[in-house]
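Peer 1: Residues per chain, in single letters:
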Amino acid sequence: MSGGTARAAIRPNKGHSILERRFARLGWGFATPALVVVLAITLFPIAFSVAMSLSHVTVSADGFQLSGTTTEHYEMLLKSERWRHALVFTVLYTIGTVVAELVLGTLIALVLEQLSGGRGWMMALLLLPWAMITVVSAQLWAYMYNGVYGVLTALTEGLTGTPFQFLGTPTPAVLSMAAADVWKTTPFVAIIVLAGLMMLPSDVVEAARVDGASAWTAFWRVRLPLLRPALVIAVLFRILQAFGIFDLPFVLTGGGPGDATESLALLGWHVMFTNLDFGPGAAVAASTAALVLVGCLIFLRAFRARVGDEEAQA
Amino acid sequence: MSVLLATTACGSAGADAASVDPDRVGPARGDITWYAINFGPEGFPEQLIAAFERAHPEISVDFQPAPNNTDTMRATLTTEITGGSDSIDVYNGDLVWPAQFGDAQLAMPLDEHLPDDFWDRYPKERARLTEYRDNHLAAPLYVDAGFLYYRKDLLAKHDLPVPRTWQELADTAKRLQDAGDVTYGYVGQWANYEGLTVNWTELSAAAGGRSVTADDAEPAIDSEENRAALDFMRRLLDEGVVPSASTSFQEQQSLQTFVEGDAAFHRNWSHGWDMANDPLASRIADQVGVLPLPGFEGGEERGPSAAGGWNLMVNPHSKQIGAVLVFMDWMTGPEAQRMMAENSVLPASEEVLNDPELQRENPVLEVAADLDLVARPAQTPRYPQISHGIYTNINGSLAGSAPTANALRDAAEDIQRALEDRAL
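Protein sequences appear in the order of chains A and B. For the first sequence, the positions run 1 to 314 when my numbering is used. For the second sequence, the positions run 1001 to 1424 when my numbering is used.
Be aware that a few hints might be false.
Computed far set for chain A versus chain B, every beta-carbon distance over 12 angstroms [what the hints assert, rightly or not]:
1) Gly27
2) Leu197
3) Met198
4) Pro225
Chain B regions said to be covered by chain A (calculated; three or more residues, Cβ under 8 angstroms) [to be verified]:
5) 1078-1092
6) 1256-1265
In short, the hints are calculated from the structure, not lab data. Virtual Cβ for every residue (Gly too), placed ideally from N, Cα, C.
Bound-form chain B, shown alone:
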């Protein structure tokens, strides 16, 4: 407890905003520190840095790996930045952070520092997700989305088509289970955490629902469409299509079940592809196909994928903003983005994402370029409480503690409280 008490005491009073005068950004040279969770293959951030330093020998970058947990990383950044530290100059920030970080002034607004056409390198809706109060708080570094991985060997063996809807997926999965080819039909991320909000947002959107109204003003989760979506999830559990342990599954547990060959279908981010096809880690290497997520019966034939990925954000206390801006421009530019695409990291750059040659080499990239994306309701600084209202109630209902209707009503109340800033 005393640790918790002690950590609240860092930082001191002051009154300035996080914006920095463009005249006072410092020279475009010197040493900068980049704080990020490792991404891509082993040593990939260092490779990017080496290429950057070749192009800009006047700037030297020190990579500081962050703990592989978004919440822990956010806690570190909050303590550092509200404490006035300049030890981190630029950091990777989660897709859902801009509103919250903008509100708490943990990231420097970028529009005064970057030309308007800087944002043309991104798909429009992707750049929009980095805005808070009409100012860009972050520059997309790499993107991610939900994909459906499936056992193409098993579908071929039984001469089954790839499922177009979630209901077809459940039927196909059941047949493969009954034939004894797999223990489970489908595995996703249904544990009590942010990942469930992601999985829920995808299924709900496929069924035509949403959790918060488009203007972020009201909860919209207690709807007919969402009841159908949650009923469907509960039915998958009841019928044994998903393992009963699903309510404690995060990315790692679900991916493990899939690569052990115990599940026919699997939803995961893009890194699932490499892992499933790595003969050292997977029993099903080269037997895996990748698709967009399915649609919902009676709706579109293809479901939307939740947008994910990471942005670059700037510490307003950095003394090296000039150099950071050069780094930001290069990392989101063609050379770095191409390196990412070649290393199974999905590029944020529209041009690189749509490069037909790169798509031929990487099937995930090909699927990614053509996805319908759905955003989590993260345009408000209250997003963590909203997400908590979603995932605890959905998870509780899946674990059997509340029927569908009650769970969605409770979730709506929790979201309402969050939007009114009355939620813990």
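Same shape as in the complex, but just chain A:
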């Protein structure tokens, strides 16, 4: 829709002709079935979940019955140490992995940009982890981390004399899971950043070098600020995915040891489908969605404004 207004804005004649209006109506007509589907499979379930999280829920053979309005499910969350722990874990895990992926991904993109030959090959190789289904890659990492037969465990035994337990105790388990996540999603960040690098105007950097800037200054003061739109997109996508992480802890750790690697999504699933507590489960889901939405909006606000500034200056 923003494309439409943009087109209208550059047109000298601001009024819509009858023909255009007719086309618009026809367009909406064609789009209606798709919009109805989107409404039915996206908006309705979300609205229903929010309603469920705010109602007394009884489950029976004939489905869910929602009655009355209550905030008790949310009160239950706030009082629950399990939920607070999952929240803290999910937030810290998201920040940690996204920062690591951003730094590594940018470095990889910078190297790829310098390559004259073999870039296609390198990209294909890099994308392998990203292309692999998480359930499969998590299983592979589980084999490598296996406390008795894992290749990484054997490696640490060879180096230090005692086998290191990657998944047996809380802190190593969190870090091991983060490593598996960084391995898988760094290529995604690298590709987006690489695309951003390719689009940068080369004359700006040349001008900076002519003015005497070192390679480092040229990167830090000129290229990185210009890269910001690409970085914002990469970070936004990653925050959304990392905050909702489910498959990796589900396969790799089951949320353990203790509750150490239980993310909000995994907690929501447990509450809903192991405990069959649909009200509190819906509250976990709805609050998680709200939290990540607010987080992304704050992030966008902080960065988009500055992106806009730069575009205006350029």
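Given the coordinates of chain A, work out where chain B should sit on it, guided by the hints.
Peer 2: Coordinates of chain B only, in the frame set by chain A:
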């Protein structure tokens, strides 16, 4: 996240209970769908179906294999049944499901449909585990229990007796480790999941403890006996009798360590026997013995085994309940139960379980027929939260994050919250 949100939206409002009028069960013929996790040897459910269809040609059964994960299977069933689907007529349900499924009306109460003497085919306490609010919600299909597998070749080599208590087991294991015969003494299932509740229930019961009072009203986990049990588990870890990786071991990892010949003793369900004696999968085939679990020092000479196994449960939306009841009766009857015993699946039927001839062919069956069983505290719909309170705190303590006393106090608080329906 949107997937999670989307899945909550299936199902619609209504007010009827899961019970079905006996007059409206439909004819005892037609096509039914049976949803179950594969069990027994490759293709065994299909063999059972073939035999059933020979006996009842008027009924045809379609076997739909479920994912090999109890929680995933429960999620599928919940979505299907609360959504009103009749695509599954009858399904295998875990031993610990009846209370929860009865409460959520995911299974049809059976007492209106089956004669009272139907339940005589089972040991009394086993049939009782399928009851919720004085109605049977499930019919036991096959049973399971915890067994102690041990390396009889190593005991013979050092002329050691089989251990009678857990403490003796630890000493024996240590000697075999010191002699260099095995890397580890014992492997069980101590990861952060339901299996740890099972292992804990066995050890705790052997030491004379329990996690919830007999009337399911109060936590009982913070006791002298349980402190001794948890201290003992932590000591096994400290002394290297169990691998430090144990806190991430489920059935598969522990069994793998045992069949690789790296552990002297191993606790597992009945399927451990076949796997340990399969020359293709095991380095220790024919060197394995099986026993009831040991007792605890100062208590009985033999410890109880946790009851396990699967039941048949009926989807209240099924349009083929008449045929399902015939299927249920046959599957829990002598012919099918005998087929199970012959294929290393422990029969639920008391008569078949105690058949001396079958016991001679299968040593696990012989041990199984004579076990003391202990049930997990699953008589309440809040069992998943109770179990979570048990396994996370025990696992956390084993992983070193809390000393014994704190872990059991926290577990008691979690169980209390679960019983009061205040737990996530």
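Peer 1: Please flag the earlier hints that this structure goes against, numbers listed from lowest up.
Peer 2: The structure breaks none of the hints.
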